[in-house]
Structure formats: structure tokens, C-alpha cells
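Enquirer: The opening position of the sequence shown corresponds to residue 197 in this note's numbering, with each subsequent residue numbered one higher.
Derived from the structure by calculation, the hints contain no laboratory data. The model shown is predicted, which means the values in this text are computed figures rather than measured ones.
The calculated lysine-lysine pairs, modelled on DSS-like cross-linking and capped at a C-alpha distance of 30 angstroms, are:
#, residue 1, residue 2
1, K411, K399
2, K273, K218
3, K273, K411
4, K357, K411
5, K394, K411
6, K357, K394
7, K411, K398
8, K398, K384
9, K438, K384
10, K398, K357
11, K357, K273
12, K399, K384
13, K357, K399
14, K384, K411
15, K273, K394
16, K328, K384
17, K394, K384
18, K328, K218
Computed beta-carbon distance windows for the label pairs:
#, residue 1, residue 2, range
19, V242, D331, 35 to 41 angstroms
20, E420, W212, 14 to 20 angstroms
21, L412, S216, 32 to 38 angstroms
22, D333, G403, 16 to 22 angstroms
23, E249, A401, 22 to 28 angstroms
24, S417, K384, 15 to 21 angstroms
25, A401, K218, 43 to 49 angstroms
26, D454, K411, 34 to 40 angstroms
27, D426, S216, 24 to 30 angstroms
28, G379, Q351, 16 to 22 angstroms
Glycine residues also receive a C-beta, built at the ideal position from the N, C-alpha and C atoms.
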Amino acid sequence: MVDRIYIARHGYRLNWDTTSWKSVTGLPRDPPLAAFGVTQAEELAVYFTSLPEDERPTAIFSSPYYRCLQTSTPVSKALGIPIYVEHGLSEWYSPVAPGSGLHPRPGSATHLQTFFPHIDPTWQSIYYPSRKGEDVDAVHDRVGQCVKALVEDLQTREPEKPHRVLLVSHAATIIALVRELVGDRELKLRPGCCSLSKLERKKDAGGVLGGYEAKLLADGSHMEGGSTRDWGFEDIVIADGKVVNDQGQPGSEGEVDDPVGLQVREHDVSSRM
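Model the full structure from these sequences, guided by the hints.
Expert: Given below as C-alpha cells:
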């Protein structure tokens, strides 16, 4: 049973301090953490080690972006638990402008393990967002399908084992995650860097979506500097009632947008590790 879900945003990004940064993985739009962000990630790990053992995460599911895997690593080391790469937790990009190509996509778990040895590559991503981008409703749909399948997967394989998972992701994705899990797409939330939300399963929950209640929302009290650089959907730029288009990655115009969407059939969630 997945009775508790922790959700953390990545730490403070290097590209917020300087334009002179290099992608470690070679992927465009994939900045590492700044030194301050690394400290935030370490503070997150200290917080989790301060909890009783039966309250600590038992596994980490992370977005494949470098900054999220960097944030996950101190927790993985401190608790001795694996990092599973889940593309369904990826960054949110608004729809690409026509003719501008596709958004970048990080590599596989096996590829990323060369940078982060604590990754367990046996997990197969449940969901892949379209490289064509998403509108606001679509990112909620994506996240809802992903987390529902992920929780059902864990509960199907090990129904008697208590699972407490940590999801490490990005601001927009986190807001959508919390909203889907508590069943309220209008919930106001502004997660800051390395802020933490804690959700617990309702005793009378009939399903995953709407089956959790928030015990902690975008909290930064575990960090000396508190929560920083918060973001919410109210910050997006709207034109004609829709989020404005983004530019695709130059040179990607001929690439194929595949795989896309849910990678498991409904109720077919066995043996993905």
C-alpha cells in the first residue's frame, strides 16, 4: 500500500545565477544545480534522516532532468534507497510553435546512470510526455495518469508492503501532482526550490486520484533559508485564453515524437522493475 507520498521540487538552478553554464548531459535546457541548490538538496536529505524509520521514503521516483537527479542523490545516499527515473515526472513545456521542432527529452535511465550511480535502471518509465508540449489541462492529465499507474504498480507487485515514495520533480508538474492526488484542480500552490509536500492516503480512499489528503504543502521549513524561487500557474503568460507557445529545439524538426503517453494498459502494471 502506498500510504504516504512525499513530493519535492528540485533545488536552485545554476542558470538562474549565470548564463555561463554547460549542460553536463549535453541536453539543451538541462541546467545543473547552483551551489546553493546542492546545499538545499543536502538539507532535504538531513530532514528525511531525522524522521523515524517508518516515516522515511522507501524509494525515489525522479524526473530525468539533471537538476532533479542531483536533488534526489543526497536523499538516496542518506537513506540507502534507489532512484527510479520516471519520464512522467518531467518538466512541463507549453505547446511548441508551429514549425519550430520538438522540445528536448532526457535520455534513458541506463544513460543517466553514468552520471548518477544511485539510479536503478530496472524501472521502465510509465509515461512519456509529448515533445510537442502540453497545455495546462494536458499536464494535469499526464500527471494524473502517471501517478495513478505508478501507485497501482507498486500496490499490485507488493500489496502487503508499506510504500512511502518520494517524487522529485518541477514546479508545474508538482502542482499538478498534488492537485490530482487530492482531487482538486483549483488548489492554489506555489512550490519553491526543494520545498516539500506530504500526502497521506485517506482511510476511505476508493482510488488513487482524489484518494490522498495533504498534510504538508510546499513547505520549506527544513531548509535554513526557507523556501525560495516559488512558482505557480498564475505566473504563466496567457494569450487568447491559452498558454503561449514555446519554441522547439533547433535541429529537431525531423525527429519523431515517440514514445508518447501511458506505456502500460489499464490494470496491466506487473513487473516493471
